[in-house]
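Undergrad: Now that you have both chains on their own, put them together as the hints suggest.
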Amino acid sequence: MQHSNYLIVGSSHAAFEATSAIRMFDSEGTLTLLTRDAHLPYSPTILPYVVSGRSQPDDVVLRDDGYFRNNHVALVRGATVASLDPAQSCVYLASGETWRYERLLIATGASPALPPIAGLDDVAFHVLRSMADAVRLRQAIGRAKTAIVLGAGLIGMHAAENMAKAGVAVTVVELKPHALSGYFEPGASAIIEGTFARNGVRMLMGRTISEIEPHGEGCRARMDDGAQIASDLLLVCAGVKPNTTFLAGSGIDIEDGILVDDRMRTNVANVWAAGDVAQARGLWGGKVVNGILPNAVEQGRIAGFDMAGDAAVAPFAGAVPLNTYSFFGQHAISVGRGARSDGHDGLEVAETADATRGTYRRIVLDEGRLFGISTINDFVDAGVMWQLIRRRVDLSALKAQFVADPRQIGRQLMSRTWR
Amino acid sequence: MGMCFNTVQFHASRCDGCGDCMLACAQAKSASADLAHARIRILPDAASKTYELALCRQCADPVCVMNCPSGALTKNEKNGIIDWNAGSCVNCLLCTAGCAYAGITYEASIGHVTKCDLCGGDPACVRACSSGALAHRTEAWIFNAYAEKEDLFCRGLSACHGCNSELLIRHTLRMVGPDTVVAAPPGCIPGMGTVGYNGETGAKVPIFHSLLTNSATMLAGIKRQYNRVGRDVTVMALAGDGGTADAGFQSVSAAADRNDPILFICVDNEGYMNTGMQSSGVTPYGSWTSTTPVGGAMQGKRTESKNLPVIMTMHNCSYVATASTAYLDDYYRKLARAVEVAKTGMAYLHVYAPCPTGWRFSSAMTTEVCRMQVLTNFIALWEYDPENGLRFTHPVATPLPVRDYLSLIGKYQHLSEEQIAHIQRTVDTRIAFLHQLAAASPAKLKGPNGERESVDTRA
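Heads up: the protein sequence lines correspond to chains A and B, in order. The numbering of the first sequence is my numbering, which starts it at 1 and goes up by one. The numbering of the second sequence is my numbering, which starts it at 1 and goes up by one.
If you're looking for bench data, these hints aren't it; they were derived computationally from the structure. All values reported here derive from a predicted model rather than from experimental measurement. For glycine and all other residues, C-beta sits at the position ideal for the given N, C-alpha and C. Among the clues, some could well be false.
[Claimed, not checked] Some chain B residues well away from chain A (every beta-carbon gap over 12 Å; in silico):
hint : residue
1    : Ser32
2    : His37
3    : Glu107
4    : Leu211
5    : Gly230
6    : Arg258
[Unchecked claim] Quick look at which bits of chain B chain A covers, simulated, 3 or more residues with Cβ under 8 Å:
hint : stretch
7    : 65-79
8    : 91-100
The shape of chain B in the complex, shown without the other chains (with noise of 0.2 Å):
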């Protein structure tokens, strides 16, 4: 199979033509203040107010290499960069006859084509841009490290179109597995088939279907069984929020407290969406579901959401983390984490799944609202475990306001002025407790030699 490489990744929308890529570009290629040393190039379209972009896709089946008469430009087998001989270039031009993108591009100033070389793995355009428009995405090791492995559902599970529960899930016992045992409280997961219908199973690995309230029991005493006969096992659930924070609860609380050696993911979709929608524990304040209805009396869910991954940083796991579907690099790091940790004692994965049949927005756009979810900070990325404590392991510098991303949303289409203000303010107490929480790690309190620095109490 091919090898996968790290891009440059544009976001038009979010480019303002300020050009420091182009800058920053040239100074790094040419040490030249000159544009035309650029090699990525921004195109104002005058028209429509945005801006285009030309660069180098670094091709997988690159024209210009195949149009090269002097063997100059070769795609290079281990970082997936198309190299500029300069040596036996005999500035033809043909490279930019095959080129779609003008990724490689002739200046007369200049005397021979350039193109970009994503500065040997540190980009200086992503460094210079300062909107978000452009961004170094280095996923590729995923891919490399894990598509050969065994996907270890079956084909045709039937989760509704645009879940990202199904996406989830392979990718995660993908990494985790064949040693590998499951528990599937009710929820979408079994309810997409993973745990089989008709007498056949939707895994390839021994999946059991445990009641709501008490997969994380039932997980406990299968590791101690294995671990008994000495067989390295890794017990993991795949639940659904109501399968961890409501009905589930008792039982994924009581293994926190033992600490038991299991893998617990809870796939938050807010709700019990499989069976209607009804609201449970961890359902937003405002949302629409068929339980906290919009009419005359109610509008929207009037209490706010429990915040299950928080709650379980004060039990006694050994790893907790939250994780998003638009941040796989996130979650894989997570989730390695996560099954060395599950060895010896609980490790607690809380992944949200916006869910598009339930919520009410397009099948298209999920892995944007996972994304808008972190950008608003109505969610975080973080881990915890208590040596270290709480980490940020994606900071959101400066968060989009939560409107952006309700408004994306079905269930949140009634909201008033007032409610989304009311999220707001949620949304940033929520977010300061996390700070707190992380100023006050351990590793932080720790001095450079392991020693407590002294805290001001009074601050």
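Just chain A, with the same shape it has in the complex (with noise of 0.2 Å):
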């Protein structure tokens, strides 16, 4: 049996940040990460770069031996877990190897979600989560010539507008009526589509696939209209799910993720939770999956300094939507919940696009105090938004000047918070 003080299941940004935490108070409880991928530990995030060829494999590695060195950190890689036993503190491996542990972080991200389409199963599809998967992507890419991405969310378009740069004639199939629905309202999303349009990349909104088949290399989908359309390559970017399977039995709570509290613990003593796999407190109430890589570096701190007995740890404020997009040489900047304010009446929203320019903005606020913003060529920071947001600066008596002007009036007002 393997034995770590510290035992970290997961190898990205979460799990790189408690490794920080815990070392800053901490420097010689031994410290393990397990991570089921061969490759050494990158982002999700720049795996889309790594299909358009911008970023290298072996260029994007988060840290490196050296690294783990240093802070005498073990990494085992191709380290599958299995199952979790809280009682005896142990999980266990699909090699069969069993690792004890005083505090267990887990930081396992979220896998590709595959939609209940009829034939699905029969046919080969690409996914986008690991290394591995983008390596494959990419060299699809270069065979094809016709493409089939389900799911017009940051993946699917991202992948969909590599494969147009790459010459491929790709249909982007998307259930909701709009593209990036979570973060961007249809204004937004329409500038957003329209471009991809303008590029050559088929655009099918609200509309999905309700049968599909292989096609010689590829496949044949049937959509909902009964048109058919085929295909040498199917990506499936239909959201994701946190991975959680190997809890089962473990006692341990999930819901959409993983349920943790402020301090990302969960509700099994000595266990944590932090990242795309929990579920925390959202900003505006609730508990929410917020997966997004910010999100994911905050709440592996946390974990990380509380796991490590930090007893001033600042517990999660609550998770902001955060999204910074560029597609086609463009970029979009999506921060709070401007796209989704269900559940919130009496909300003021300034609208305003230049088409010439081709920039658009939209600031929502509740009661004179910022509750989402998002901006496509029209650069905000979004550090900065996401402040106002957390903080709930009021901003009543600088409205028409922040709607005028959110970059220079929040930076002003940063400035003046920080001195």
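TA: Have a look at this one:
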């Protein structure tokens, strides 16, 4: 049996921030990262850039061997965790190995969710969550002439752009009425969709595939309206689901993700969870899975400090959706819940768009406080906006100025706050 | 222990919004006059007519680096700068989502994120700033050199709230080191417990409570004994102005006459602050003290202070310097030199110690009061040795009016316009005298080859 004072399952942003935090307090306690990946650690966020060829697999390593050596951290690659027994403080690997821990962090992230489409099991399709997926997809794009991307979320849109640039005829199919609807309201999504359409991507929004079957090397999809689309390549990016199957029978409370408190503790003693796998406080109440990189960074840090026994750890203030997205040389930014204001009445919306300059800005205020902001080709400092939302900074006195120039007023307010 | 790094400091109250820093930055970084290229941004606040700043803080826990999925951002362990690698950046802008200061930002006209890199240690923005709003703080080396050295005073010294003497003596002994014997004549420094009480000592080196009158003499004798047995020990006085300039002066003067190898530090709080705020010989004109009250017959002290550090240059000391705790880097350099000098001759350091309790100002303001002493030329920072003469170490090109300093302090609140004008004249006269000394210093009088330049005595 192996033993580690601190055992972390996962090897991405949440896991590394927890590692750094633990090492600030405890430079000696044994610390082990278990990852099922064979590759040195990388960020899932970088994968679309590996697909496009902008980044090389070996150049995007987040921590190299030197880091692990210098910080007395063991990285165990190819280690798939099969189950957890909190009563024994043990995790069991698929290989049969057993790891005993004093404190365990689950930072296993999420995996692609597969939609219930008849015939999907019988066709060859791609997903994009691991380095191996990215390398495979990049090779496949090189061979394909036509492609279907199922799902117009971040991963799907990134991939569709890469394919279009590589000369592949791409069709994006999205069940919801608009692309990126988690972050952008219809007005903004329409601009993004228009850009894709102008670049030759066929955007089928509010549509779905009802059945799919193998067709030569590729597949043939029958759409909800009966139309048929054949393609050489199928990429499924219809959302993700937290990686929690190995927790069956462990007694850990799971809803959409692993339920955690404001210090990232699960309901089970000595077990923490952080990042895409965790369901933590949302800024507007309830508990939410907020599967974005900055969220994983923040939660990983809190978990690490708490695991190491920092009595002064600042509790998690609540998840805020955030997204920075570039497409065909343009930039879209979304912070807060401008696009998903369900359950909130009396919001004030200020929307401006300049078709000739291709800019768009939408600011949503809730009783004088920023609730959400989204822009296209109109840069605002996402981190500053995030702080304004988090701190519930009262903008009432500056409302007109803020709506006119959120970047300048936001910077000013933050500078004053820090001084 | 972590490293400490130099940084750019912003004094919002001094910024006049000229924008020269932004232009200098755009030119230095992109050879462009387009302010979109500036990494530093001054933000006018129309309502309050003040200026705010957006600039990379080179954070110790940089969220931009944590948020970077490509490894393009890294914290440089040698210089503390957050380095950006253009080759691996994928332009995802997640770094901007991590920054609460708008220190890493995106401009469409540039096409990638930009941030401050401190210009390799000589920031162009600071050089371009004429209002004094931007300063390059270069004191990080003090922390890096001394933070891990042992604090040789015990915890729990009971100095008044806001007193800079405790800060000063802890810094001093940390640098001078454990092979030291300290004399602490009556005053605030033994009063706060450094010489111990209830049978316990307040320092981790030999420290003794000398008399007001004999610290220098006792140290001279102790040094001779250590020299006789062949041990390299620094003997040091931590005395107040009473134990140096007033009751202590006879023995200080005699030790200076003999150029005894001792380090004598005068911590000058302009009076007997420890015993009820009585006036001393170095109490400035106009000061309220309990022996120079404000009433019908008297409006504070009627006579000038004696300028003790200048007097010490007229003795036979090997080294004389003034110092302020608002300029600790300056102090550390002088202290290092004083420790070396004190192996063979007398080193005299005169450190100013504004006293929140006795002078009546807020305990949060001590360092600002120290700084204003220097910025108004109320005191000047200089050093002197017989070989090189007097040299200013922090010359103030455009001093603020002394009124700005006096208005911070309760003991001057009663001053009439005439009294303020009188103090301004004294300040001007004294600084002019120091400039004469500096101009006539042996180093200045020597030509490039060491020969004496001809001096026009008619001037």
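Undergrad: Does glycine 230 of chain B sit more than 12 Å from chain A, CB to CB?
TA: 42 Å, holds
Undergrad: In terms of beta carbon proximity below 8 Å, does the stretch 91-100 of chain B have 3 or more residues touching chain A?
TA: holds (count 9)
Undergrad: For serine 32 of chain B, is the shortest beta carbon distance to chain A beyond 12 Å?
TA: Non-interface label stands for serine 32 of chain B: nearest chain A Cβ at 18 Å, farther than 12 Å.
Undergrad: Please confirm whether histidine 37 of chain B is truly not at the interface, meaning its C-beta sits more than 12 Å away from all C-beta atoms of chain A.
TA: At roughly 14 Å from the nearest Cβ of chain A, histidine 37 of chain B sits farther out than 12 Å, so the non-interface label holds.
Undergrad: Taking a Cβ-to-Cβ distance below 8 Å as contact, does the stretch 65-79 of chain B have at least three residues touching chain A?
TA: holds (count 5)
Undergrad: With 12 Å as the threshold, tell me whether glutamate 107 of chain B passes as away from chain A on beta-carbon distances.
TA: 7 Å, violated
Undergrad: Any Cβ of chain A at or closer than 12 Å to arginine 258 of chain B, or is the non-interface label fine?
TA: 52 Å, holds
Undergrad: Taking the closest pair, is the beta carbon of leucine 211 of chain B still more than 12 Å from chain A?
TA: 47 Å, holds
The structure fails to meet hint 3 from the earlier list, while all remaining hints are met.
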